[in-house]
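Protein chains: 2
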Amino acid sequence: MARPLILVSNDDGITSRGIFNLVSVMKELGDVLVVAPDGPQSGMGHAITVGDTLRLNESFIFEGVRAYECSGTPADCIKMARHFVLKNDRQPDVVVSGINHGSNTSISVLYSGTMSAAIEGAIEGVPAIGFSLCDYSHKADFSHTGEVVKKIVQQVLEKGLPKGVALNVNIPAKRNEPLKGIRVCRQANAKWVEEFDQRFDPYGRSYFWMTGNFVNFDKAEDNDEWAIANNYVSVVPCQFDLTAHQAIAVLNEEWSILGK
Amino acid sequence: MARPLILVSNDDGITSRGIFNLVSVMKELGDVLVVAPDGPQSGMGHAITVGDTLRLNESFIFEGVRAYECSGTPADCIKMARHFVLKNDRQPDVVVSGINHGSNTSISVLYSGTMSAAIEGAIEGVPAIGFSLCDYSHKADFSHTGEVVKKIVQQVLEKGLPKGVALNVNIPAKRNEPLKGIRVCRQANAKWVEEFDQRFDPYGRSYFWMTGNFVNFDKAEDNDEWAIANNYVSVVPCQFDLTAHQAIAVLNEEWSILGK
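Protein sequences, first through last, are from chains A and B.
Counting in our numbering, the first sequence runs without a single skipped number right up to 744 at its last residue.
Counting in our numbering, the second sequence runs without a single skipped number right up to 744 at its last residue.
Next up, chain A with everything else stripped away, as it sits in the complex (with noise of 0.2 Å):
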């Protein structure tokens, strides 16, 4: 079999450390291609940018491979990748996101531009992952990632996903304990419950920085925040027909307004 083609890109900018970390392992697997945002843009679920313009442009910084640095969103990013970079060559085999510096577990999948640069290769029908490590610090050890990325994309390359799923997948963050093994999981029940800390500028106007704790009402074992407190990480297959298909027959019984 030829080498897979790869395409990288991640939603915490092309020059930082997780998506370094995932380019060298992913050199091993197969060609390399990043098309990734040129500065940060956690937090940016799936935005695009519609009414403004885009840049490309040709970055130089992981050897022997062909890279570019996008204005845009992540989501933008793989749009660029599959409709101009790539568009009438061969299309990826695989897309992968990451590695996230900072947990998406949970309803952080929602906010999470790491996993929508993932959901978007799964739109364009390419198998796809988002990967993130639990830990914010710059300093974060990536030690314990190379393996499991690999497994994971070694085994998606294999297997295929099914129709219509990206991967998100989250490593718990280095512990003095190797990690207890990888689990499939369905999101937590979570959420961020937000706080607003009020400040002043130099001219007596007020802004907000949001702050926020994270509150897991959860207490069920099948889902990412057990797998990650447990030190496994998690595999949540992802979906983007957001229908809650069980609420279409209680509202068609239920209310008194439709026109059939």
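Read the hints as simulated data drawn from the structure, not as lab findings.
Please read all numbers here as calculations on a predicted model, not as lab measurements.
Every residue gets a Cβ at the ideal spot worked out from N, C-alpha and C, and that includes glycine.
There is no bait here: all hints are sound.
Below are the SDA-like pairs computed for lysine to any residue, each with C-alpha atoms no more than 25 Å apart in a straight line:
1. B/Lys703 with A/Gln730
2. B/Lys675 with B/Asn714
3. A/Lys643 with B/Asn673
4. B/Lys703 with B/Asn715
Interface residues of chain A toward chain B, partial, derived using beta-carbon atoms under 7 Å:
5. Ala531
6. Val534
7. Phe568
8. Pro646
9. Val649
10. Ile666
11. Tyr691
So the derived label-pair ranges between C-beta atoms look like this:
12. A/Gly548 with B/His622: 48 to 54 Å
13. A/Ser508 with B/Leu570: 44 to 50 Å
14. A/Lys703 with B/Val677: 40 to 46 Å
15. B/Ser627 with A/Arg487: 57 to 63 Å
16. B/His729 with A/Lys703: 16 to 22 Å
17. A/Glu738 with B/Arg550: 30 to 36 Å
18. A/Gly548 with B/Asp681: 29 to 35 Å
19. B/Leu570 with A/Leu641: 47 to 53 Å
Assemble chain B onto chain A, guided by the hints.
Chain B only, in chain A's frame:
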């Protein structure tokens, strides 16, 4: 029953015609609080502002309505309304977002700032609805939207919504014939195929405008694209649990790298 508290936001910005139309209808139904972006936030998906500051200023553009303009995204607006403006006060009975200038059917729900405000409402446990008019023109005719919007909000205030569900409501552009009715739908299987219009700035450097064509793969009649094409209002119940639950068993069955 006391008049309900209705929280209004959007993604086209607080001065757009769509939110004026929505506020004027909501004033008939309850007490209105507006927290909306201070400028256009289209295509922002579920982005939130992290690593940067937020501004929030009182606005007096809606007569007799308490209103704030926020420098952040639609999701930020709902978070600030919930956790700062209303912190210890009565919480909203319903969140409404829009009326968006342009369609948010099918896959566009992912990119939609309008819907991120609604989904953020659902995350907060409040029944929530995003409204979009399938007409991008600045001079779009909203005259047929008021009655539909009022009916749907009344229905939601009366019956509530299933837990974790927000509604994505799209209203066809005004035609010569009246609307045929309201239908509960699923998200159509369709996508955007992007094109990148490359141009050169006065310094000889290239930049891009993202454009694209919408491609509908879905031939069934139970989806939102069919409803809009046939002059029905579409109501898609949406969820924020992205787990592809049916894929969990597939991965558990097929993968050889899982730790138990």
